[in-house]
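Visitor: These are the residues of each chain, in order.
Number of protein chains: 2
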Amino acid sequence: MIDFNFKVLEEDGESRARLGTIKTKRGSIQTPYFVPVATLATVKALDACDLLALGVQCTLANTYHLHLKPGDEVIKRLGGLHGFMGFDGPIFTDSGGFQAFSLGFGREHNINKIGGVFPDGRNAEEKRENLTKIQDNGIYFKSIYDGAWHFLDAKKSMQIQANLGADIIMAFDECTSPLSDYNYTKMAMKRTHEWASQSLDHHDRTQAIYGIIQGGWFEDLRHESTEFIASLPFDGMAIGGSLGNGKKDMHQVLDWIIPKLDDRTRHLLGIGDIDDIFECVQRGIDTFDCVSPTRIARRGNLYLSPESGGTLDNKFRLSIKSTRYKEDPNPIDPACYCSTCSRYSRAYLRHLYISKELTYFRLASIHNIYFMLRLMEKIRYGIKSGAFFELKEKWLGKI
Amino acid sequence: MIDFNFKVLEEDGESRARLGTIKTKRGSIQTPYFVPVATLATVKALDACDLLALGVQCTLANTYHLHLKPGDEVIKRLGGLHGFMGFDGPIFTDSGGFQAFSLGFGREHNINKIGGVFPDGRNAEEKRENLTKIQDNGIYFKSIYDGAWHFLDAKKSMQIQANLGADIIMAFDECTSPLSDYNYTKMAMKRTHEWASQSLDHHDRTQAIYGIIQGGWFEDLRHESTEFIASLPFDGMAIGGSLGNGKKDMHQVLDWIIPKLDDRTRHLLGIGDIDDIFECVQRGIDTFDCVSPTRIARRGNLYLSPESGGTLDNKFRLSIKSTRYKEDPNPIDPACYCSTCSRYSRAYLRHLYISKELTYFRLASIHNIYFMLRLMEKIRYGIKSGAFFELKEKWLGKI
Chain A
951 MIDFNFKVLE EDGESRARLG TIKTKRGSIQ TPYFVPVATL ATVKALDACD LLALGVQCTL
1011 ANTYHLHLKP GDEVIKRLGG LHGFMGFDGP IFTDSGGFQA FSLGFGREHN INKIGGVFPD
1071 GRNAEEKREN LTKIQDNGIY FKSIYDGAWH FLDAKKSMQI QANLGADIIM AFDECTSPLS
1131 DYNYTKMAMK RTHEWASQSL DHHDRTQAIY GIIQGGWFED LRHESTEFIA SLPFDGMAIG
1191 GSLGNGKKDM HQVLDWIIPK LDDRTRHLLG IGDIDDIFEC VQRGIDTFDC VSPTRIARRG
1251 NLYLSPESGG TLDNKFRLSI KSTRYKEDPN PIDPACYCST CSRYSRAYLR HLYISKELTY
1311 FRLASIHNIY FMLRLMEKIR YGIKSGAFFE LKEKWLGKI
Chain B
951 MIDFNFKVLE EDGESRARLG TIKTKRGSIQ TPYFVPVATL ATVKALDACD LLALGVQCTL
1011 ANTYHLHLKP GDEVIKRLGG LHGFMGFDGP IFTDSGGFQA FSLGFGREHN INKIGGVFPD
1071 GRNAEEKREN LTKIQDNGIY FKSIYDGAWH FLDAKKSMQI QANLGADIIM AFDECTSPLS
1131 DYNYTKMAMK RTHEWASQSL DHHDRTQAIY GIIQGGWFED LRHESTEFIA SLPFDGMAIG
1191 GSLGNGKKDM HQVLDWIIPK LDDRTRHLLG IGDIDDIFEC VQRGIDTFDC VSPTRIARRG
1251 NLYLSPESGG TLDNKFRLSI KSTRYKEDPN PIDPACYCST CSRYSRAYLR HLYISKELTY
1311 FRLASIHNIY FMLRLMEKIR YGIKSGAFFE LKEKWLGKI
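In the order they appear, the protein sequences are chains A and B. Position in the first sequence (from 1) plus 950 gives the number in my numbering. Position in the second sequence (from 1) plus 950 gives the number in my numbering.
Hints may contain errors.
Claimed, not checked - Calculated lysine to any residue pairs in the SDA-like style (CA-CA distance at most 25 Å, straight line):
| hint | chain 1 | residue 1 | chain 2 | residue 2 |
| --- | --- | --- | --- | --- |
| 1 | A | K1026 | B | I1304 |
| 2 | B | K1105 | B | E1169 |
| 3 | B | K1019 | A | K1026 |
| 4 | A | K1306 | B | G1097 |
| 5 | A | K1348 | A | E961 |
| 6 | B | K1271 | A | G1030 |
What the hints assert, rightly or not - Computed Cβ-Cβ distance ranges for the label pairs, DEER-style:
| hint | chain 1 | residue 1 | chain 2 | residue 2 | range |
| --- | --- | --- | --- | --- | --- |
| 7 | B | G1005 | A | R1249 | 52 to 62 Å |
| 8 | A | T1273 | B | D1225 | 10 to 20 Å |
| 9 | A | R1249 | B | K1271 | 23 to 33 Å |
| 10 | A | G977 | B | D1038 | 29 to 39 Å |
| 11 | B | G977 | A | E1023 | 47 to 57 Å |
| 12 | A | N1280 | B | E1340 | 49 to 59 Å |
Said to hold, decoys possible - Stretch by stretch, here's where chain A covers chain B in the computed footprint (C-beta under 8 Å, at least three residues):
| hint | region |
| --- | --- |
| 13 | 1017-1031 |
| 14 | 1275-1282 |
| 15 | 1289-1295 |
| 16 | 1311-1319 |
Just so you know, these hints were derived from the structure itself, not from any lab. Values in this document were obtained by computation on a predicted structure and should not be read as measured data. Every residue, glycine too, gets a C-beta built ideally from N, C-alpha and C.
Take these sequences, add in the hints, and give me the full structure.
Guide: Printed below as a string of structure tokens:
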């Protein structure tokens, strides 16, 4: 039987924020926690030793990508994800449904989960091309790698995730967009519910499995989806799909869902801006995953704490390419103790970035991941010591 | 006064191979040694902590590149190369003359030092453009970064290298090509001799300085250049310029030069294939520098020892992109103990390479650098134990 367990250790008196521990056979995850994403079995620019050195508790890999490259059966034969990527801690995999959305519908409409455009502009040709066909039985999608058509349904998603051998897997779902209307979102939610039951049927109980709550930004659908998914024997609850057209909508969606949930652990898929972390922890989220720390690092955006000038306005980031850092002998964030900040100056990092040196990407990613992990540590300490709101105010200002 | 000293500790009875120690104020270099190249103040894909972990004794950075980007005066203000790149060991810089050749004449003619074409094909437009004008007073060259014209002479090269603050610097020289005829090569050699004296005049004796022997692949010129450069009070001898039209010519050139040298240390510029290392150590070279281990790593070529199937024919390399490694659970080289081979399979590295994951470049570079350093260690042990030729035969086969 599965070795998985979530315990709430402490609750914040003034909000739904809570301190907890997810126990798996490969180690524990102290929550609230930000899970770094290892899309193709590597957190981009880092290796498993870097993750160990950073104290990363767990990581999340992508079913869609790994199914296509190098193939989940190849990974299975090489010892599963843990053996393949050399990481011994707990690993999550997603269901593949989100990529079918983001690389299909989302890409066509150039839109992301909360109504924004994708940060990297897609070209018109890509947008015109229909990359996904969603039917009641599953999703047909065109591989972004070789253009071949593939099919994914609950059974297949479970098989792939079993082959990958993650500790925590996700039920198969359909992710909708903020552009989807009520009727489409409802239809997709019904499919997601059907697929949730099928996922449990095709799941062998050696991995923990989270159900995914859908319903877009429609109150009655979110209520219905929360009740249905929570009624099934999932080990944890994930919140997916469109979260509306901005951060306020996202908070609203969480306020509809969370009060209806029991004590099982709650994962918010694909969210990771610093203000979102505070707002969603406050609303009762235990874990997050997002590619943003490493993605923004690759684009020259490095996290900055409030002590070093980080604010909501600058999104707690500096842009290392700025000429103002050309001769700056200070570390990225003088209040940071990561291995990059301990050794290298802004001037050196700027030089590496401007010169497109490969070394830059790793040093920058180490800083941004370390920064997020330390933020989560501070949040956990804040909850434990009854100072969560004090911490939030220090970072986000008076609300 | 300068803290620099070279001692021969042991000589091979059957050849000119020798074991030695270069002492600098930042540490010692056991020779024969292969010096990894940090073109732009970083060994590509690695950081200074990686170099420490690899046990890298010293590194070589490029005057030409760093003068242009970020600028040697910027680096000076940031603590020199050691402070800038966070590396405390001995650092060499070259004179800038080779880049003026390779990015000027060499690029125009698509030719490298030993008559081969540059591994990365230059486009016709680049070749047509005249990027360098060499005169008796110095070299005018067009920056490869922004197309602006710059001027380099002995005085300027000494100033730049003083700003960079390397422990071991090179006299300013003109590097000729295998395509240069006798008369041109002679003229360039005369200039190099003039510049060698000027380099000493403009050098403040806080850094060790090597003279560079030129003369192409013409016996009388190499004799003349060796005698002249060796007559000057340089701390070490470097051998530069065209080494003929193939490996045999290179051995011939060394056989002309080395017997005329005294006990000062000898550096061979820009050479680093495994068979070359053996042949040149045998002929009395103490140190080498070359970008090849990291460059070939980035292109998917990973070193393989004889125990694991490396031969002269396969250049002691495997090509990780080959489908044969798709499910190969073995490390790159089962006889290697580097951190990459200790943790990751060929299958994982192939997956990272095929997926263009940034993580690949570092793991591959670590392996290739480690491999070269261990080879040098074996060569040193071979000389010490009187087994150099045995080792050479094991690697290169019966001669």
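Visitor: Does each hint hold? Answer for all of them.
Guide: Outcome of the hint check:
1. A/K1026 / B/I1304: 19 Å, holds
2. B/K1105 / B/E1169: 30 Å, violated
3. B/K1019 / A/K1026: 46 Å, violated
4. A/K1306 / B/G1097: 18 Å, holds
5. A/K1348 / A/E961: 22 Å, holds
6. B/K1271 / A/G1030: 21 Å, holds
7. B/G1005 / A/R1249: 52 to 62 Å: Once the Cβ atoms are compared, 34 Å apart, the range 52 to 62 Å for A/R1249 and B/G1005 is violated.
8. A/T1273 / B/D1225: 10 to 20 Å: 47 Å, violated
9. A/R1249 / B/K1271: 23 to 33 Å: 28 Å, holds
10. A/G977 / B/D1038: 29 to 39 Å: 36 Å, holds
11. B/G977 / A/E1023: 47 to 57 Å: Hint holds: Cβ distance 50 Å, inside 47 to 57 Å.
12. A/N1280 / B/E1340: 49 to 59 Å: For B/E1340 against A/N1280, whose Cβ atoms are near 54 Å apart, the range 49 to 59 Å holds.
13. 1017-1031: Result for this restraint: holds, n = 6.
14. 1275-1282: Contact hint for the region 1275-1282 of chain B vs chain A: holds, 3 residues under 8 Å.
15. 1289-1295: holds (count 4)
16. 1311-1319: Held - the region 1311-1319 of chain B has 3 residues with a Cβ nearer than 8 Å to chain A, which meets the minimum of three.
Hints 2, 3, 7, 8 from the earlier list are contradicted by this structure; the remaining hints agree with it.
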